[in-house]
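If you read the sequences in order, they're chains C and L. According to my numbering, the residues represented by the first sequence are 6 to 195, in order. According to my numbering, the residues represented by the second sequence are 6 to 195, in order.
For the record, the hints were derived by calculation from the structure and aren't laboratory data. Among the hints, erroneous ones may be present.
No copy labels: a pair is met if it fits in one copy or bridges any two.
For lysine to aspartate or glutamate, the following EDC-like pairs were computed, each having C-alpha atoms within a straight-line distance of at most 20 Å [stated by the list, open to error]: (1) K164 - E184; (2) K59 - D19; (3) K190 - D138; (4) K59 - D43; (5) K59 - E152; (6) K190 - E69; (7) K164 - E122; (8) K190 - D19; (9) K59 - D113; (10) K190 - D130; (11) K59 - D138; (12) K190 - D43; (13) K59 - D125; (14) K164 - D66; (15) K164 - E176; (16) K164 - E47; (17) K59 - E122.
Protein chains: 2
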Amino acid sequence: MNIYLAGPDVFLPDAVEMGRRKAVICARYGVTGRYPLDNVIERAAADVSLQIFKANEAMMDACEAIIANLTPFRGPGADAGTVYELGYMAGRGKLCLGYSNDPTLYADRVRGFTEIEGRDGRLIDRSGLTVEDFGHADNLMMIHALELHGVPLVLPRAKPADLWQDLTAFEVCVRMASEHVAITKNRNML
Amino acid sequence: MNIYLAGPDVFLPDAVEMGRRKAVICARYGVTGRYPLDNVIERAAADVSLQIFKANEAMMDACEAIIANLTPFRGPGADAGTVYELGYMAGRGKLCLGYSNDPTLYADRVRGFTEIEGRDGRLIDRSGLTVEDFGHADNLMMIHALELHGVPLVLPRAKPADLWQDLTAFEVCVRMASEHVAITKNRNML
């Protein structure tokens with residue numbers, strides 16, 4: 006099983022090393038992790054971002070599953086590029102897994118960015134926009150996409166000391182993906 | 006043509022009215038706008054967020070196109086739920102259109118949320134994470150998804166006075182979707 010390793014990990018100072026660490030964990034469970042930075046892109050090209058998109062999409066198309074790092078990134082919720090990729094893989098009927106290293110509820114996290122008040126039975130932010138308050142760690146579309154297209158979001162009990170370097174929740178996803186492979190194989194042998 | 010109207014519009018104080026306004030514009034161009042709040046959900050149900058997800062997914066599956074409102078929402082980039090839906094529709098091979106009412110470049114917008122500095126030829130934020138700097142209004146995945154799965158992101162020349170109420174860029178998307186219908190019909194008649 007080839008698994009697309011999506012996440013804002015590609016923006017880390019040690020982005021390449023992070024991909025290597027994730028691939029090593031995948032290999033330990035008998036699956037293959039494929040990481041966007043595995044693609045060789047000519048950084049000097051005028052259309053470099055288009056080349057990155059095309060290479061990522063081709064890599065997703067070549068994978069049977071995705072593990073999305075949905076740890077909140079530069080705001081109260083997950084990284085948009087990662088969320089796009091999760092949606093794309095769900096749309097393609099692939100196995101969807103994801104984790105976030107921050108188990109805080111979405112509404113509580115929004116409070117860290119803006120004032121929130123209750124009005125007419127809803128929570129609203131300072132701009133008057135409703136704050137989702139369903140007891141989930143992020144927007145319901147990702148939460149239930151994982152539930153219905155794969156495996157429910159994996160969360161640690163508490164935030165790890167290093168939000169970006171801790172791979173415990175990631176490893177749980179890899180284990181579950183590998184178990185899915187084993188179940189599918191057994192089913193095919195019956 | 007049925008068009009799924011995705012966006013954080015559902016979080017506006019006048020969310021229902023906004024859906025009505027968008028549907029009226031669609032009708033004027035001979036296409037049908039379908040809006041998440043058209044679904045009737047039992048708000049008291051224990052699994053209300055799951056019901057919303059299922060209804061949204063069924064609505065997307067019943068549509069041939071999506072117009073995503075990618076106006077930055079509660080952070081430097083687009084609303085995650087909307088981005089998920091754009092990815093899902095791209096994965097399903099549907100026609101993808103989107104607009105943002107804020108034409109600011111992503112890197113410039115991030116500057117409003119955190120300090121940015123240049124290091125080793127990259128921009129990095131205060132956490133040391135790279136800031137995408139390809140001259141786009143948001144993450145490259147959405148920008149090029151629109152380009153390759155539909156129509157490039159529609160942006161106004163300047164931010165309209167009301168970021169959430171102005172439907173000029175939305176209407177451009179509707180017109181382009183309707184033109185796509187006309188082109189497809191003509192092609193089929195040849």
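The hints, checked one at a time:
| no. | hint | verdict |
| --- | --- | --- |
| 1 | K164 - E184 | neither (26 Å within a copy, 49 Å between copies) |
| 2 | K59 - D19 | neither (23 Å within a copy, 38 Å between copies) |
| 3 | K190 - D138 | neither (39 Å within a copy, 44 Å between copies) |
| 4 | K59 - D43 | within (13 Å within a copy, 35 Å between copies) |
| 5 | K59 - E152 | between (28 Å within a copy, 11 Å between copies) |
| 6 | K190 - E69 | within (14 Å within a copy, 35 Å between copies) |
| 7 | K164 - E122 | neither (26 Å within a copy, 27 Å between copies) |
| 8 | K190 - D19 | neither (36 Å within a copy, 51 Å between copies) |
| 9 | K59 - D113 | neither (37 Å within a copy, 25 Å between copies) |
| 10 | K190 - D130 | neither (48 Å within a copy, 45 Å between copies) |
| 11 | K59 - D138 | between (36 Å within a copy, 18 Å between copies) |
| 12 | K190 - D43 | neither (28 Å within a copy, 42 Å between copies) |
| 13 | K59 - D125 | neither (46 Å within a copy, 25 Å between copies) |
| 14 | K164 - D66 | neither (32 Å within a copy, 36 Å between copies) |
| 15 | K164 - E176 | within (15 Å within a copy, 43 Å between copies) |
| 16 | K164 - E47 | neither (37 Å within a copy, 34 Å between copies) |
| 17 | K59 - E122 | neither (43 Å within a copy, 28 Å between copies) |
Of the numbered hints listed earlier, those contradicted by the structure are 1, 2, 3, 7, 8, 9, 10, 12, 13, 14, 16, 17.
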